[in-house]
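Undergrad: Spelled out from the first residue to the last, the chains are:
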Amino acid sequence: MNNLKIITPYFRATAAYLALGFLALTICDLGQMFIPRLVGHLIDLLADQGATTKILIKPLVFICAIASLVALLRYIWRHLIYGFSRRLEKDLRRRLEERFLSLSLSWHQVNSSGDIMALATNDIEAVRMAVGFGLVSLVDAVVLGLSAVAFMLSIDPYLSLWAFIPMPLITILTARFGQLIYKRLLQVQDVFGRLTEVVREQLSGLKVIRAMALEPLARAEVSQVSTLYMNKNIRLSLIMGGFFPMMTLLTNLAIALAIFIGGKATILGSISPGDFVAFISYLTLLSWPMMAMGLTLGLIQEGMASLGRLSRVLNATEESVHPIEASFSPPAKPFDISFKSVCFSYPGSRGQVLNNITVTLKAGMVTGLTGPTGCGKSTFASLIVALHEPNSGEIIIDGKSSADWTLNSLRGLFGYVPQDGHIFTGTMRDNLAFGKVGASDSELIAVAEAASLPLDPKVFPEGLDTLIGERGLTLSGGQRQRLALARALLIDPPFLILDDTLSAVDAAVEEEILARLLPARKGRGTLIISHRMTSLAGASKVIVLEDGRVTEEGSFQELSRSGGYLERLTALARLGADGYRARARVR
Amino acid sequence: MSDDLTNKKPFSLADLYLMKRLWPLTAPMRGLMVRGVVMIILAALVSLALPYLTKVAIDRYILPLGRVFKIATPLDLPPSAMGRLKPEMFIPSGKPGVWFLPKSYEQLIDRRQEKILIDSDIIEDSRYYLAPLTGPNALDRSKADQIASALPKTKVLAGYLAIREADLPDVPGGIVMALRGADIKGLSRLAIWFAILMVLGYGLDLGQRYFMEAGAQKFGHVLREKLMLHLFGLSQSFFDRSETARLTSRLTSDINNINALIKSTAASFFSDVLSLVGVAIIMFALSPKLAVTALILTPLAAILSYYFSSVVRILQRELRAKIAAINQAFGEAAAGISIIQAFRREKKTSEEFEELNHQNYILGYKQVHSVAVFLPLVDLCSSVVLALILWVGGLGIIDNTVSLGVLAAFVGYANRFFSPIKDLAEKVNTFQGAFASLERLTELFDIDDRTPQIPSPLKPVHPGGALEFKNVFLSYGPDMPMVLKDISFKVEKGESVALVGSTGSGKSSLINLMLRFYDPVKGAIIFDGLDLRDLDLNLHRRRVGLVTQDVYLYSAPVIDNLRLGRVDLDPDTVIRATKAVGAHSFIEKLPLGYNEPLGPGGRGLSAGQRQLIACARALIEAPELVILDEATAFVDSETELLIEEAMMTIFKGRTSVVIAHRLSTIRRVDRIMVLDRGRLVENGTHRQLMEKRGIYYHLARLQGLI
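Protein chains in written order, with the numbering used here: chain A, 1 to 587; chain B, 1 to 706.
Hints are computed from structural coordinates only; laboratory data are not their basis. Values in this document were obtained by computation on a predicted structure and should not be read as measured data. Don't take every hint at face value.
[As the list claims (entries may be wrong)] Lysine to any residue pairs mimicking SDA-like chemistry, simulated, CA-CA at most 20 Å apart: (1) K579/B / S606/B; (2) K207/A / K579/B; (3) K322/B / L169/A; (4) K522/B / Y476/B; (5) K143/B / L179/B; (6) K322/B / T425/A; (7) K458/A / V483/B; (8) K115/B / R141/B; (9) K207/A / G135/B; (10) K493/B / P460/B; (11) K289/B / L60/A; (12) K155/B / G135/B; (13) K507/B / K541/A; (14) K185/B / I261/A; (15) K90/A / V483/B.
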């Protein structure tokens, strides 16, 4: 129930509108029930001999007036209630997105992007459905149901009790089946997703399939998923086909009961024939409210579950170590970055990724960082940019503990280029100007060229406006990395972090880039994380991380002769694997 | 995207032709569909039984009342009083001059006629209940006398006791059961029959849905398989020209659209049309004047419905697209969160989100608005029609041209008329979408772009994998530039050759030719002494192995992904191969080892591991020529080493061509060929090329090899 707190303020703020909406809804329902009575009354009047034109006028005017009123009120309540639910949806999504952008990388690593996507769409829509359609059908069901029940009770309470027997079954079955149908529907959608994925993958990788003459296997795979999809659909149809006619069946069984018991009462004279007919028509009328009740129960259940999931994100408490207000201004001159006994492990995992790291990146220098895969190099970089916070120890930036900086001014110091060169769907311009919106075209072209990514019209037909990413041009790993580099160069950061940035770029191009980049960054700090000798050779100091610890530190020349990791790496590059092994054996 | 825009098309006769084209494919579903349709018809009949049975319950058992006519024979009735009554409807009472008209025919007497009959003292104002005095359900004499004495207006006829309707409730308590026992029994039987019929109807409805769904799904499945078979037969150049997303949606959404057409739409389309026509016929038969009145707003309602369902459909499509965009935006932001935060882009990203969110809200609100206008309007239409019917019908009753029963019937039908119209208008949209899909599918089936095959392909005489290019030129289209120019080289049996060159130098095109994805524009490719074009395509590809990082892994256990359908292959052979390429250790570490299922696309394996799988496959398949494409994506140094080793294992004693990115790999092949802008510029051993000091020398120097 605590989760409801997320949405109660909206209800309170628009209570008057909502009350008006539900009032309009109630009047509509009653009006609808009233029109058949008016028609009956009119027919009774006509049955009297000597009816004149005059008697027609009043009831007809009434019918038209009520029908128009009902139409108008319907328009009003739809606007008021459904409009409210749309606004609620929008605002919830806004809150979710703001929260989600501000949560730390540690949180994001635990919560998958799939979860977030489901929250932003499925869950928020489920809440909207519960608040809009759910509440409307609840009120609808209650008003229509109660009035039908009242009419029936007024005809014959005893008969009503009998006829009501199958009715609660409708509600229970609807709630049960509703969930089952929903589950099966999700399964169908899931298999459809798999089908799409398999087909897409086969078609896009057809060359490989053909090259290995794997067409029969590939076809069998499509056939297998397609069969599964077919069967899931058929199973769903069985459930749906079992359910919806079941509602009619239950209503009809109630009518059979009414004929059985009510008919006898009518024959014996305790119920008038007219009432008997009316009773049966009310019974037919009752089936919708009963179903609506079941649907509503399902919708509200789902809505509550979604609200629970939403509240876990919206109420996620995360203590930021960083102040909100800046108490000092960022340095104008080059600055040192020192790690003091820094330890770090990812939330939920036991292993220490960084273990008691104490090291200094000297002001205005190029520092190299290397080590085997998984040694903690990338974590090292992300700690500097405060994407993660150390578990113990501290990072000193320009003499002040990283925790005393505001996130904004701290991150403003760095240009960060991670290995995977994540790009966003959009144009080249959007991606290049990511950190500096509104940069001029000439600036963008200049940084792209500095990163050896000239906007060659053969590659980027529309220059800066070329769409890239999922809906546009697919960039190669190397192109993505160069784009990520250009993106960081644009903000001309006081300190540049290259996290294995050029691993997918040709060695020749890499050399070309660094030859241009390093002189340009003279006097400002740069951290280069790499496996490649060519990249590390330009650093004034190289740090070797192995298994979360600093194992070597010194100039490139020193370390490449020290018999440690760097020397092994150098040998590997020079000789290839066989040569290295041969040499190792000789030793 | 543009698929959505072309999602609608007007009907034309050509659509029938499209259906005819696909007709042969419907074979597996025809039986199911026929069963489904039969069940639909039966279910409709059963559902019609409800009003009829209610009528029977009332007319035969609850109030089996009728009129008593004082006439010598029914033929004596004056023609003006006869109206629509027929002599054979009357039951003789056994007493001369008294005939009985059962209740079911009473509605044939209209008000004017009734007045004449009452005025001429042929009938009384009141109705009578007839209790038989003879026969199986006879009321015994003493009870009849008791009733007759208690209720003075009761008539004792020869075979029946006629009790006035108004007196029925006053029948003495002890006698009621005796009087009405048969009726009550009959009614109970009827209620039970009714219940049985409804259960039967339920079964029919369930069966109908099942058969229609099963039929439609089977058809979709067959269509999907046929289309896949067709696509697999098309040449590679077709795929290079087509967008995968578009082709994928042919096999998924388009087939689903057609399914919807077959299944619900066609079924309910028929029932809607049938009920519309049926109701219209009944209405015109009852009263043409009222029928016209009832139908007067129909065109308006149809247009309204059609217009609004189009609007709502478009809005829904846009809403779906918007939600997909929001989903994607969240997904992308989640994937790039470190960049967003490191670049302090939260505010800007949030604004972009807000833009999408707001657009979604506006669209949603538009939808709320359209529905809020449309639904009440259509309902208002039906209320107005009701009022019109009551007005015209009421006037008719007053001047005795319309009977009360007819008016009541029209009041009932007025409601029945609008919902099929609403349904139909909505379905026209579905129809259009389905036909657009149908057209796109047939277009695809019409494409016949295949790699040419000679009628009786030659068999290799000296297999072994010797490859020769003779003055080969290649371009990817008539107006396209040549991507390979005058390439000639030979790779001897068992020789390994490295291809070196920058991106776009023509390395991949060379591979495309070796696998015969394309044919050269000029020149010839000779494999084991025979022109590639004279060989059986599939057989050729089976003799050539391709090892890349882009590996096709299908949803099956690892072991099957290695055996590739050769189930008889013994696991030891497989493990020997995986050990040889160094894949064994990581496979063993998977939770289920060799039985670990791989999802579509082999999710869960890294790029390096996938390539190791490809290497193992190549060893198991033992092709005569192996083509290797060295890893380009991120692979950690240890895996890189493993792959390099694995490739060396495959090289041994096999004709091999490797696209090399690392010069360290290159040093271990027999010969190096350097490509530059579509030409073969250098060809020789490492030593020869180093001495030449050309392109290769420069590349090697950059890699720190000297």
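Undergrad: Would you mind marking each hint as holding or not holding in the structure?
TA: Status of each hint after checking the structure:
1. K579/B / S606/B: holds (18 Å)
2. K207/A / K579/B: Violated. K207/A to K579/B sits at ~27 Å, over the 20 Å cutoff.
3. K322/B / L169/A: Answer violated: K322/B to L169/A is near 39 Å, above 20 Å.
4. K522/B / Y476/B: holds (12 Å)
5. K143/B / L179/B: The hint holds at about 8 Å.
6. K322/B / T425/A: holds (15 Å)
7. K458/A / V483/B: holds (15 Å)
8. K115/B / R141/B: Not satisfied, since the Cα-Cα distance of roughly 36 Å exceeds 20 Å.
9. K207/A / G135/B: violated (88 Å)
10. K493/B / P460/B: Holds, because 14 Å separates the two Cα atoms, which is no more than 20 Å.
11. K289/B / L60/A: Distance ~19 Å between K289/B and L60/A Cα, so the pair holds.
12. K155/B / G135/B: Cα-Cα ~19 Å, so holds.
13. K507/B / K541/A: Distance of about 39 Å is beyond 20 Å: violated.
14. K185/B / I261/A: Given that 20 Å is the threshold and the Cα spacing comes to 12 Å, the pair holds.
15. K90/A / V483/B: violated (53 Å)
Consistency with the previously given hints fails for numbers 2, 3, 8, 9, 13, 15, ordered from lowest to highest.
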